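There are 4 protein chains.
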Amino acid sequence: MELDLQLYSTRTDLALEAKEMAQGPQKTPIPGVNEEVDEADGIKVTRLAVANHAGSQAIGRAIGNYVTLEVPGLRGGDTGLAQRVSEVFAREFEQFLERIGITKDSSVLIVGLGNWNVTPDSLGPLVVENALITRQFFELVPEQVSPGYRKVSAIAPGVLGLTGIESSEVVQGIVDRTKPDAIIAIDALASRSLERVNTTIQIADIGIHPGSGIGNKRRGLTREILGVPCIAIGVPTVCYASTIVNNVLEMMKNHFGQINNGSGAAHTKEIMGMLDDISEHERLALVKEVLEPLGHDLIVTPKEIDEFIEEIANIVASGLNAALHDAVDPGNVGAYTH
Amino acid sequence: MELDLQLYSTRTDLALEAKEMAQGPQKTPIPGVNEEVDEADGIKVTRLAVANHAGSQAIGRAIGNYVTLEVPGLRGGDTGLAQRVSEVFAREFEQFLERIGITKDSSVLIVGLGNWNVTPDSLGPLVVENALITRQFFELVPEQVSPGYRKVSAIAPGVLGLTGIESSEVVQGIVDRTKPDAIIAIDALASRSLERVNTTIQIADIGIHPGSGIGNKRRGLTREILGVPCIAIGVPTVCYASTIVNNVLEMMKNHFGQINNGSGAAHTKEIMGMLDDISEHERLALVKEVLEPLGHDLIVTPKEIDEFIEEIANIVASGLNAALHDAVDPGNVGAYTH
Amino acid sequence: MELDLQLYSTRTDLALEAKEMAQGPQKTPIPGVNEEVDEADGIKVTRLAVANHAGSQAIGRAIGNYVTLEVPGLRGGDTGLAQRVSEVFAREFEQFLERIGITKDSSVLIVGLGNWNVTPDSLGPLVVENALITRQFFELVPEQVSPGYRKVSAIAPGVLGLTGIESSEVVQGIVDRTKPDAIIAIDALASRSLERVNTTIQIADIGIHPGSGIGNKRRGLTREILGVPCIAIGVPTVCYASTIVNNVLEMMKNHFGQINNGSGAAHTKEIMGMLDDISEHERLALVKEVLEPLGHDLIVTPKEIDEFIEEIANIVASGLNAALHDAVDPGNVGAYTH
Amino acid sequence: MELDLQLYSTRTDLALEAKEMAQGPQKTPIPGVNEEVDEADGIKVTRLAVANHAGSQAIGRAIGNYVTLEVPGLRGGDTGLAQRVSEVFAREFEQFLERIGITKDSSVLIVGLGNWNVTPDSLGPLVVENALITRQFFELVPEQVSPGYRKVSAIAPGVLGLTGIESSEVVQGIVDRTKPDAIIAIDALASRSLERVNTTIQIADIGIHPGSGIGNKRRGLTREILGVPCIAIGVPTVCYASTIVNNVLEMMKNHFGQINNGSGAAHTKEIMGMLDDISEHERLALVKEVLEPLGHDLIVTPKEIDEFIEEIANIVASGLNAALHDAVDPGNVGAYTH
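The listed protein sequences correspond, in order, to chains W, Y, L and E.
Residue numbering for the first sequence follows this note's numbering, starting at 557 and increasing by one per position.
Residue numbering for the second sequence follows this note's numbering, starting at 557 and increasing by one per position.
Residue numbering for the third sequence follows this note's numbering, starting at 557 and increasing by one per position.
Residue numbering for the fourth sequence follows this note's numbering, starting at 557 and increasing by one per position.
For reference, chain W alone in the conformation it holds in the complex (with noise of 0.2 Å):
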């Protein structure tokens, strides 16, 4: 059985996902790509740092930094919780920029990437529509600009279907006229578990690479590209049906494994036959076989996609807001958002 692994790395974008994979139910630690978790009041920050081409082989990541933020308590709609995330996410991204050398008076262009008429594919637009713009300020009344204030300028330029035109190709345009320091493009992405669906965020120095996110992007932006550093903030909103099925077989796998631990393994085998040796990769393959037929494998969303993404895009923005601006209030950062 032949397995198609490009396809298969295309079934999460979250580097963590992709790491646990690598390592497997024995979490063996992988040369090369180092970690570092703290967690608490429900908020996981794991930071992983993917430091050479080994580690990056065996994960199949880029190297560089991602901090993925996992909060399991999300969706059940606790203000309270929202509010620690943000902040949480504000210091850990504030430290990221310093970390990878974006000092404070670095100016910024954040990129909404993603279709506004795609509801899990809106995160982006709605970042940008609550993030606090100052470039204009800075260009027209520079003396009136209060210490503690960056310059922010934000656009949200939209996918190929709807303009024609690569939002890489948009991106690059506006930076040649305006020269930011720096780009935060925020992306919607594909998760490997719907768990993490819309419960957990990334941060990462490698920029957008093509094929990533939810919308099938032809172009990446990347430093190479754009010729200034890009961060990415990516939360995933979608899973892909095969890959729902082939996470509950996994689970499925486990739960077995424990209940019967003495003589577990027979036994599990007994329960899911051939489904119980193989390796993720090909029970993956497999499900995508039967799926195949269909036509095409259906990517889904939680129905209450509305108000999931319209809380973590509020948690993000306020969260950009506060670490990009001293004077903005980490505490307060929801009064700068609507």
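The list makes no distinction among identical chains, and a pair is therefore deemed to hold if it is satisfied within one copy or across any two copies.
Under the rule of at most 20 Å between Cα atoms (straight-line distance), these lysine to aspartate or glutamate pairs were calculated in the EDC-like manner: (1) K600 - E751; (2) K735 - E725; (3) K773 - E860; (4) K660 - E699; (5) K600 - D634; (6) K773 - E695; (7) K600 - E626.
By construction, these hints were calculated from the structure, which means they are not laboratory data.
Here the structure is a predicted model, which means the values were calculated and not measured.
Based on the hints, put chains Y, L and E in the right spot on chain W.
Showing chains Y, L and E alone in chain W's frame:
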């Protein structure tokens, strides 16, 4: 292993799927359930009549008439197909009304159930918005109403969480005041298979029952409650994660059974272990047991739901307008919606 | 010259403006109309009581209590001011309820009148969307309801053109079924001056009368009709073109009168001719006579209506939530709206 | 009394109105401004050519071509009329392109100016949303593009307050990257009379000039700036309160002049005093002097703006699609918009 059949039965709102599950892969005919199938131009119409108590028990549906349109090609964005579906739906609905004795001059109240803030639950309100409303003319300027129209009013009563009032209470209050001859209730449904989502329309003369549809109704809309006939039009817009997994396992079973047709049974058993043997009900219970620790069985919808729901709402509204008003040309129903 | 006073009287829905017009520039007190004014922090509160038939005739308003908040600074986008207005409104509304005998445990149905598809007429539906709804908890889990809340339900009944049903019929049906102790009806109004649009809130205990508000009601919502008290909350969101013109002519007259205070009268007459002499009623008739050939007297709204209406709806909803539920802190009412 | 003519000149964006004001009630021809009028089926087409400096000075507009469609019946909701306007607009626009040398295979970038959050300023973004976009097919699968289409891309660049970037900068960046042969810029305008709001379409080959339209542009979009021809399509969607008043006073003057034709002049003078004598410019200055204490000269839009703007955006988009692509049938342009 004990099965919670009650919960199970809520996993599909389509009588057609309930019947298919009751029949099993052998497609055994079910006594008391009569079936008539027409298929043309990519549109399959199935007319089910649950004739007696035995049939009702066998498929877990009330005695009554169920017409289902299945149009797998619908999500492809083919405007011509959408137009044809609208016409077939208009014809079927008109015949349905006739069959159950609703005459051409009966006044009708259209009820759009569901939550307009939740895209996959907004079918009902969207249809109401595009329905051709005429009651005000009959009340205020009856002499000016052209022939070929009947008295139609419409309401989207909202959901309990938004109004504090059961939608059935709102409808009952309006029925008391405005005395329509019949109710047509539109609701978004859950189906067992992702493929049926947004490609299927069900018409039934049994009204709306508690617990059906997406929004957890606590009270129904039936002839018993309202005092007038209540016809339900439903479109599946969501699936439970557990039924997706279960459905794929079923497909897997059939897939390997077909590939290895000689030595099929043994081979499938080898691949799928006990998952091959057990009944669909047992398998679903297994899947749900595995998903339980996640706290909830997520309900999902295709990522393109915004576009899909608008298309199907237009089809239903156009079809309804043509079916209810003789003066509305079925070939040009689009002109009456926006 | 004959005046169509009936049409004239529809040009403002504010009792305060009706009183001002009746008083004329000399601000003559009107027998039977008592007035109390408080002004602080840019918020002017006027409490009018139309005490008897004479007062009612003089200003063309029903006998009853009218409280008006005027906040000229409101359209400036000052978040702090909006918060203060919300608190003052909450306090005034709470006192208003007390004054007319609605106790703290009376159940309330909020009715959001108007057409959600017409921005300046969408105030009612927007307030309903942001109201804190609790009736379902009292009905389903009464033992879990904390003290400090009362039973509140809410409905936006739509308009005749959308539903085919008078909004008063919808409300009556719901009142019959759910038996609230009082109705609070929210409606968008017309005012005489552009300056009052979106800067004024009126509370009145006379319910909603036919022909008031933007949407041409044919039936009212009053205690007589509903059997329970009906309090109306209104905000002017539109003006007639004719009243704008008339209002400016009035201002012109005052303007020149002031400039040339010695020889004022003669001078103004020179500038404005007969327009100076005639009464406001006559002048409006003149303006309407001129506008008539255009076919209709256009109703206009400020270009920023989208933002204004959202702000004022938030103020009203926040204030209502604080006034109706003791447990809702007036200093933090914003947290309960979205 | 000193007049601020500069401010005055911003009160209308329609060349036709500027010309009418320059002509005065006697409709004196203006040297250097040529005019051609066609009227049929309730649609009046005026083709103005400002041929030289004298003409330009006389009416305060740049040298160039201006085509105006006036359709007073448009706000009546007549679908047939909307369809006809769309066809006439398509034909006029096609001829306009030809006249100024834009050939059938020239690639085009449609720019939808304005703020999508402000309904009367959302014309441009709405047209972009309904435009038939083809550039992506020419870039990715040129061999599959049928004859009869040209390369069209589109962008809604937002406004300075939302993005921190002048819309002209965004457009210049995109023009640099994508090299279109021509720009078509869509913008909402201010007119002098309420009757022209949403019933008038202006085509001009002079691009967009700073300060025109609703949204206070600081930089223009012209051939000089962009390096390619820029055609502007505009629809008035707002009026200044001061111009409404002024306009009604003008109508009043004409009204009384007509009624009392024999003794007209004396009589009108009697009624209107000095308001009759002074020039339109002086009268407007007077009105503005009176309105000044209110702090700002409000800009208003008809209360039905939501519906009007959608209708006119559909007309413009349908017309554009038919004019730009020969394969799009002008008789069925509606099918290409949503």
